[in-house]
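Participant: Start from the sequences and build out the full structure, keeping to the hints where you can.
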Amino acid sequence: MRRSVPIRTSADWNDPAPGFVEADLVAHSGPSARGSFIQTLVLTDIATGWTECAPLIVREQTLLSTVLTELRKQLPFALLGFDTDNDTVFINETLKAYCEAANIVFTRCRPYRKNDQAFVEQKNGAVVRRIVGYRRFEGLEAAKLLAELYRSARLFVNFFQPSFKLIAKQREGARVRKTYSAPATPHQRLVADARTPDAVRHHLQEIYAALDPVALLRDIRDLQERLAALADTQPIGHPTVASQPIDRFLASLRTAWKDGAMRPTDRPLVKAKRGRRRPDPLIRATPDLRKWFEAEPWRTGSELLSRLQMEYPGAYPNKLLRTLQRRLKSWRSEQANALLFAPSEKMPPGYEVTTPQ
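Here the sequence shown stands for residues 447 to 803, numbered as in my numbering.
Simulated from the structure, these hints should not be mistaken for lab results.
Here the structure is a predicted model, which means the values were calculated and not measured.
It cannot be assumed that every hint is accurate.
Calculated lysine to aspartate or glutamate pairs in the EDC-like style (CA-CA distance at most 16 Å, straight line) [to be verified]:
{"hint": "1", "residue 1": "Lys-560", "residue 2": "Asp-461"}
{"hint": "2", "residue 1": "Lys-775", "residue 2": "Glu-740"}
{"hint": "3", "residue 1": "Lys-611", "residue 2": "Asp-461"}
{"hint": "4", "residue 1": "Lys-737", "residue 2": "Glu-749"}
{"hint": "5", "residue 1": "Lys-719", "residue 2": "Asp-678"}
{"hint": "6", "residue 1": "Lys-775", "residue 2": "Glu-742"}
{"hint": "7", "residue 1": "Lys-615", "residue 2": "Asp-461"}
Taking CB as the label site, the calculated pair distances span [said to hold, decoys possible]:
{"hint": "8", "residue 1": "Gly-476", "residue 2": "Leu-767", "range": "34 to 42 Å"}
{"hint": "9", "residue 1": "Lys-560", "residue 2": "Ile-729", "range": "53 to 61 Å"}
{"hint": "10", "residue 1": "Lys-590", "residue 2": "Lys-765", "range": "52 to 60 Å"}
{"hint": "11", "residue 1": "Asn-783", "residue 2": "Gly-476", "range": "52 to 60 Å"}
All C-beta atoms in this analysis are idealised placements derived from N, C-alpha and C, irrespective of residue type, glycine included.
Facilitator: The structure is reproduced here in structure tokens:
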């Protein structure tokens with residue numbers, strides 16, 4: 447089967463018309479690839495950089511063909527070529543027959559040569575990973591949220607995110623000199639391409655005139671919040687925060703640099719503090735220990751344990767010393783916080799805090 451699909455390298459494109467795309471899958475498995483998880487199908491046009499993404503709830507060739515049909519409806523041009531890696535979810539009779547029926551040129555890259563798919567590999571990181579992150583997503587709820595996120599992200603990326611495009615590459619000894627075009631969005635490249643029909647140009651300009659990049663960015667942030675909450679095992683029925691007005695969201699962008707990473711999917715997962723794994727061995731004596739500590743807070747753990755062994759013979763062995771010391775440490779910390787931060791009823795003269803009127 448693999449030999450029946452011709453190979454195309456990165457040097458074989460030679461300025462193709464819009465419609466020849468590279469395709470790849472991005473796995474949302476988190477730190478473990480075990481079990482079932484969602485993958486994202488990414489299509490990147492070679493001529494313009496136009497990128498489309500869609501979630502796949504399972505790796506299955508028939509489902510991939512169905513999703514590809516839906517993505518073809520969103521593309522502003524006809525799908526002429528489909529270039530993939532050597533994954534079996536792409537290289538199979540189902541997808542080959544699909545491409546033949548739709549008059550799509552079906553090619554593949556060389557095995558273990560990622561540079562043959564440099565265009566889509568770059569979008570895997572610059573678009574999918576930057577928007578979705580590296581958390582694990584599985585199930586229908588996550589797939590629906592990803593589909594909503596990609597509906598907003600495709601408009602923001604293709605109409606408002608400019609990028610460079612390599613024009614020429616020349617080797618001079620050990621140095622490689624590269625020449626790039628001026629930064630442009632995929633929409634601008636598609637409109638400027640002489641092979642684009644006038645009807646497509648007018649349709650794209652109408653869409654562009656109706657878009658609001660700030661509203662798109664706000665929608666993307668809201669969906670990222672919901673995705674991050676879902677991946678962090680929060681209840682699906684948990685009430686979500688209502689979308690904030692555009693003017694307030696725009697004002698928050700002025701100080702966003704102070705907060706570091708603003709994408710919710712980039713924020714690290716806060717691990718819950720590990721609770722006690724075995725019964726508290728001092729639970730019966732805690733009231734006595736607390737009373738002795740409050741009466742004589744300078745006593746050490748060894749002194750309190752000796753007194754405890756005298757009060758309860760044979761019940762508390764010496765191996766509980768470290769447990770008792772940790773308990774005293776937490777009590778002393780609580781006592782110090784109470785002394786430092788509790789409001790005092792009387793303050794010395796000259797130390798009163800007055801509120802300016």
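Participant: Now, for every hint given, state plainly whether the structure supports it.
Facilitator: Status of the hints after comparison with the structure:
1. Lys-560 / Asp-461: Measuring from Cα to Cα gives roughly 20 Å; hence the hint is violated.
2. Lys-775 / Glu-740: holds (13 Å)
3. Lys-611 / Asp-461: holds (12 Å)
4. Lys-737 / Glu-749: holds (14 Å)
5. Lys-719 / Asp-678: Judged against 16 Å, a Cα distance of about 15 Å means the pair holds.
6. Lys-775 / Glu-742: holds (14 Å)
7. Lys-615 / Asp-461: holds (14 Å)
8. Gly-476 / Leu-767: 34 to 42 Å: holds (41 Å)
9. Lys-560 / Ile-729: 53 to 61 Å: holds (58 Å)
10. Lys-590 / Lys-765: 52 to 60 Å: Distance hint for Lys-590, Lys-765 holds at roughly 54 Å.
11. Asn-783 / Gly-476: 52 to 60 Å: Given a distance of about 37 Å, which is not inside 52 to 60 Å, the answer is violated.
Violation of the numbered hints given earlier is confined to hints 1, 11; the remaining hints are satisfied by the structure.
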